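Undergrad: Chains Y and V, in that order, are what the protein sequence lines are.
Here our numbering is used: position 26 in the first sequence is 44, and no number is missing along the way.
Here our numbering is used: position 68 in the second sequence is 80, and no number is missing along the way.
Treat the hints as calculated values from the structure; they're not laboratory data.
In this text the structure is predicted, and so the values were computed from the model without any measurement.
Treat the hints with care, as some may be off.
Once the Cα atoms are required to be at most 25 Å apart in a straight line, the calculated SDA-like pairs of lysine to any residue come out as [claimed, not checked]:
id, chain 1, residue 1, chain 2, residue 2
1, V, K121, Y, F290
2, V, K121, Y, V286
3, V, K121, Y, R284
4, V, K121, Y, Q258
5, V, K121, Y, Q52
6, V, K121, Y, A285
7, V, K121, Y, G289
Here is how the chains run, residue by residue.
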Amino acid sequence: MVTDDVRALSEALAADPSSVVFVQLGEALRRRGQVELAHRVAARGLERHPQRPDAHDLVARIAIDRGDFARARAEWETVLTLAPGHPGAQKGLGFLCFQQGELDEAARYLGAALAAAPGDASLAAALDTVRAATSDAWRAPSGRASAIGGAPAGTALAAPAAPAPPFAPEPADARTLFADVLGDATRTALLLDRDGYVMAGQHVGADGRDAGADIGAQLSGVSDEADRAMRHLGLGRWRQIVFEAEAASVAMAPGGDGVLLVTAPRAVPLGFVRRLLERSLERAHRWLERGT
Amino acid sequence: MTSAFGTVLTSLIRHRGVTGCMVVGEQDGIIVDSSLQIGVNGTAFAALTASLYRRARRSAAAAGFGETGFFELDAEHGRVCAAGRNDLVLVVVAGERVNVGLVRVEMLKALEVLS
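Using the sequences and the hints, build the whole thing.
TA: This is the structure:
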C-alpha cells in the first residue's frame, strides 16, 4: 500500500515537477525509512517552493532523522517566520530544545503548541516533563539544565545528552534507564521481555511519540528465530546480533528473560553500536538484579 | 565451482577464520553455490541463516528501518554473517577469530555480484 502511494506520488511529481506533491512524497519516504531519498526530494521541492511552511517543516523532520539538529532548528524557525504559530514547528522546536537542555525555550514552544492543540496528550506529558526537569535543574547545585539524568514517568521525551557521573544512581523511571548510557537521543535502547513487551527504555521518533512497543514487537521475533537456529547449528548460545538497515543499525543481545535492543542512526559506526549494546546490557542486568 | 559466484566464494573462504561461504536462496534456504571446509553442515547453515536473515529483513522493514544490508550473529563458538540482494543471500560461517570487519567489507562488495 505504502509502496503504491510512493509510486503514485513519484509519478505525479515526475509529470509535474513544480507540483507540491513532493511534500507528501518526502513524508512517505521518510516514514518508510528512506531518509536520504526523502531528503533529496524535499530539498529539491524546497528550491522550487521556498515560501511553503510545510516544505520547511518536512525538511526539518528529515533533518532530525539524519541527526542534523542545527538544520532542523533553522528550518522550524523559518516555518515560524512564514507561519507564526505553526503547531508542528512549535512542537518540533520544543522537543529539540528539551533534547539540548534548553528547558525554558522548550517549555515556551511546547506551551504554545499545546495551546493550539489542547487535546494532544503527548504534548501535555512533554510539557509536564519539561516543567519537572526545569524544577530539578533549578534545585541542582550546578543549576545546569544538562544535569538532568532522565525524564519522569509519563514523558514522551528523550533525556538530553549528558555525561554520566561515575556512580550515578539509575533513574527510577524505566523509560529513561539507558538515557545516559546512550548519550544521544537519536540512539535508543529497549529491554524486552520474552513476549516482546517493553520492560525498560523507549524509542522516541521525530514526532515525539514513543514507538518502543511497535519496534520491540517487530524486532523481538529476530531473537526467537536466532534461538531456534542455535539449536541446530552447534555454535552454542548466541551472544549478539547486529544488522544494518537503511535508516538504522540494530544490535541485540539476550537480556534477562528477553532481549535488549539498541538502535542508532547509520552514521554511528557499527563497532560503537556494539559498544552501546554492551554498556546498555550491563545497565539492564544491574537494574534487573535490583528488582526495580 | 563454475557458477558466477565462484570468484566471490573463493575470495571469502580464504579469510582467516572463515570455514564456509555460500550463496543461498532467501526464500527457500537452498544452496545455490558454496565453498565449505570439511565438517561444516552447509545445508543447515544455509537454511537457518536464510530464515534468520529473512526475518531480520522483514522485521526491520516493518519497524520502519528500511531494507537490511549486512547481518551478523555472534555466538559462543563462532559467527554467521549474511548480506542479501535480489532474493539471494551471501552467507559466511566463521570461527571466533575471524576479522569480521574485513569480511563485512568484502561481503558488501560481493553484493554487486548478486545483482
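Undergrad: Has the given pair, K121 (chain V) with R284 (chain Y), been kept, meaning a C-alpha gap of at most 25 Å?
TA: holds (18 Å)
Undergrad: Can you confirm whether the C-alpha distance between K121 (chain V) and Q258 (chain Y) stays at or below 25 Å?
TA: holds (24 Å)
Undergrad: Tell me if the straight-line CA distance from K121 (chain V) to F290 (chain Y) falls inside 25 Å.
TA: holds (22 Å)
Undergrad: Checking one constraint from the list: CA of K121 (chain V) to CA of Q52 (chain Y), max 25 Å. Satisfied?
TA: holds (21 Å)
Undergrad: Compare the distance between the alpha carbons of K121 (chain V) and A285 (chain Y) with 25 Å, and conclude whether the hinted pair is satisfied.
TA: holds (19 Å)
Undergrad: Mind checking the alpha carbons of K121 (chain V) and G289 (chain Y) for me, to see if they're no more than 25 Å apart?
TA: holds (19 Å)
Undergrad: Checking one constraint from the list: CA of K121 (chain V) to CA of V286 (chain Y), max 25 Å. Satisfied?
TA: With a Cα-Cα distance of about 20 Å, the restraint between K121 (chain V) and V286 (chain Y) holds, given a limit of 25 Å.
In summary, this structure violates none of the numbered hints.
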